[in-house]
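K.L.:
Protein sequences, first through last, are from chains A and B. Mind the numbering: the first sequence is residues 120 to 357 in the numbering used here, read in order. Mind the numbering: the second sequence is residues 3 to 236 in the numbering used here, read in order.
Some clues are possibly wrong.
Dumping the calculated DSSO-like pairs for lysine-lysine here, alpha-carbon to alpha-carbon at most 30 Å [claimed, not checked]:
(1) B:Lys-86 / A:Lys-289
(2) B:Lys-119 / A:Lys-236
(3) A:Lys-287 / B:Lys-119
(4) B:Lys-90 / A:Lys-321
(5) A:Lys-250 / B:Lys-86
Honestly, the hints are just simulated from the structure, not real lab data. Remember, predicted model here, so these are calculated numbers, not experimental data.
Spelled out from the first residue to the last, the chains are:
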Amino acid sequence: MAGCETERSQIRYAKLAGFMYLFIMAVYLLGVWITSRLEVPGNIMETAHRAVEDELLFRFGQALGSLSALCAVLLAVSLYAAVRVIDRNLALLALAFELVYAAVGAVSQLIDYAFLKQQLDAYSSGILDVKQLSAQADLHSFLNAAALNIACILYGAGSILFFYLFLKAKYIPRILAELGLFGSVLVLFTGFASIIFPHPSKLLQLGWLPIFIAEVSVGLWLLFKGVNLRSQRDETLS
Amino acid sequence: MTYSDNEKSQIRYARLAGFMYLFVDLAYVTGVMIANRFEVPGNFTETAHAIMKSELLYRIGLTSIFIGALSTVFLAMGLYVTVKPIDKNLALLALLFRLVEATIFGLQSLFGFVVLKVFIGSDYTNAFGSSQPAVLVNLRSAVNSDGFIVAGLFFCMGSIIFFYLLLKSTYLPKALSAFGLFATLLVTITNFADLLLPQYHKTLQLGVMPLGVAEILVGLWLLIKGLDLHSRES
């Protein structure tokens, strides 16, 4: 009876994890779309002008960043609850990495807000000239890139462990777990390569593609098909 | 002597913790040594020149510090599984302290990379001259040293609990656990003193030395000798 309850809880958390994978992806893409609408590459004056003109949309785009950091915690806890039966310690280690990732992500967002606020104030009051504003904007995009790379290394470390546990448990089709594992390893390497090399190749951006496909596929699978607990049961019986 | 699955896992994680003690120390020391090679105290322009000459090496130094922060999670997890049978709640508390420490150090690495842009970006010095970016760099070193102390306090809380549980468990020789506990208490005191009396920073830094020795000894012991589960059973 207790076993049934545990399994029911595992199925519920797996569905939540599936939903969170898709929700975070949607929130992230919406944030990127809003930013791209307001940002004029290489023209900080025009960007600042647009941000001041449409401040609500601009702030909404920023708020989405915080929302995804918050949802990352929900995703991590639901993945932990779904796979902890396989290896409690490894699942906890994965959860630990994802929590550090969420905390670093949230503080980076805070710094990002402060930076933007300072830039917009400087633009409105005219304290800084165009050259100074561009240099500030350049530093700001450097901050965002460094934050993204550091966060993705932490995220990759946790994700490797979660997908490894999915692979071991056979809860989802093997190919999906393997794709997720491969994608997470690639994200980790992409992050390290981007922070170590001064001029990383643009090709490195492709390192995000496998994890994107894997997370959407695993998210859909977990949400609609759920986890296959039978294989785990059979293994326990044998 | 046969071990249960839980005990086998405990022994494996203890070895992981032993290895990680050594690896984390090595990563931090390497990173700090490389970064310090570039810094010319009070001279922004010379520091910037030195970094521009060998940006890759400087980045390796910063990455090494970040790897130290990342590996802290493995170390904390290894210690958590090792001492969990003694007191699960205290072990979890120690794990959480060390996770906060890893987060703060991770963020410090981020600041390191951001300030790198100020050093290497000629557009930044062109726009602001060399004195204004220098102010930003000075602010970063203040954040760095105070951040190190604050992260250190979280580290100390976690480390005190882990060493206390090791002492209680008799998994390690009592003298080793007691030395680790004493050394961590010393670092806690020197860190607080450093926040209050920054003018004595260099002298207070000596307080870290016993902990360095303790961590290396405990790391080697856990890695080579492993856990003594017999004494606990007896």
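K.L.:
If a hint holds in the structure, say so; if it does not, say that too.
P.N.:
Each hint tested on the structure:
{"no.": "1", "hint": "B:Lys-86 / A:Lys-289", "result": "holds, 28 Å"}
{"no.": "2", "hint": "B:Lys-119 / A:Lys-236", "result": "holds, 20 Å"}
{"no.": "3", "hint": "A:Lys-287 / B:Lys-119", "result": "violated, 43 Å"}
{"no.": "4", "hint": "B:Lys-90 / A:Lys-321", "result": "violated, 47 Å"}
{"no.": "5", "hint": "A:Lys-250 / B:Lys-86", "result": "violated, 57 Å"}
This entry does not satisfy hints 3, 4, 5, going by the numbered hints stated previously.
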